[in-house]
Amino acid sequence: MDTALKDNRTFSIKRVARSFKYAFHGLKYAAKSEKNFQIHLTTALLVTVCASILNINKMEWLFIFVSIFGVIALELVNSALERVVDLATDEIKPLAKQAKDLAAAAVLMYALMAAIIGVVILGPKLLHMIY
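If you read the sequence shown in our numbering, its first letter stands for residue 5, the second for the next number, and so on.
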C-alpha cells in the first residue's frame, strides 16, 4: 500500500488541529472581508440577544440556531464558490454568472426560511411584550 495513502487514513490530533486552524482562518477572513457575512453575523447576534431577552424554550433555540448556522454556512459556501469561479476565468461568461447567481439564490432561500422561523418564534413574544 502507498505510504502517502496510508498516512491520510491515520488519525492524528495534529492533523485535526490543523484542519480546525484552517477553518478558523476562513471564518476570520469572512468576518473581516465579506460584507454579506458581516450582515449575517450582525443579524445572528441581534436575534440571539432578542431570543435571550424573550426567554425562548429549548426547541425554539434549536430552530433559531439551525437557522443561524445554516445561513452562515451557506454564505461561506457561496463565498468559496465565487472565489473558485473567479479563479477559473477572468472573462465574463454566462455559466460563471449562473454559478454565482445560483449559489447566492441558495443563501437567499435559506435566509428567507430563517427569517420566517424567526418571525414565527419571536414575533408573538415580542408583540406580547409590547402590548
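Since the hints were derived computationally from the structure, they do not count as laboratory data.
Please read these numbers as outputs of a predicted model, since none were measured by experiment.
Keep in mind that the hints are not guaranteed to be accurate.
[Unchecked claim] Below, in silico cross-link-like pairs of lysine to aspartate or glutamate (EDC-like), each with a Cα-Cα straight-line distance of 16 Å or less:
id, residue 1, residue 2
1, K101, E86
2, K129, E64
3, K104, E86
Hints, verified against the model:
{"no.": "1", "hint": "K101 with E86", "result": "holds, 9 Å"}
{"no.": "2", "hint": "K129 with E64", "result": "holds, 12 Å"}
{"no.": "3", "hint": "K104 with E86", "result": "holds, 6 Å"}
In summary, this structure violates none of the numbered hints.
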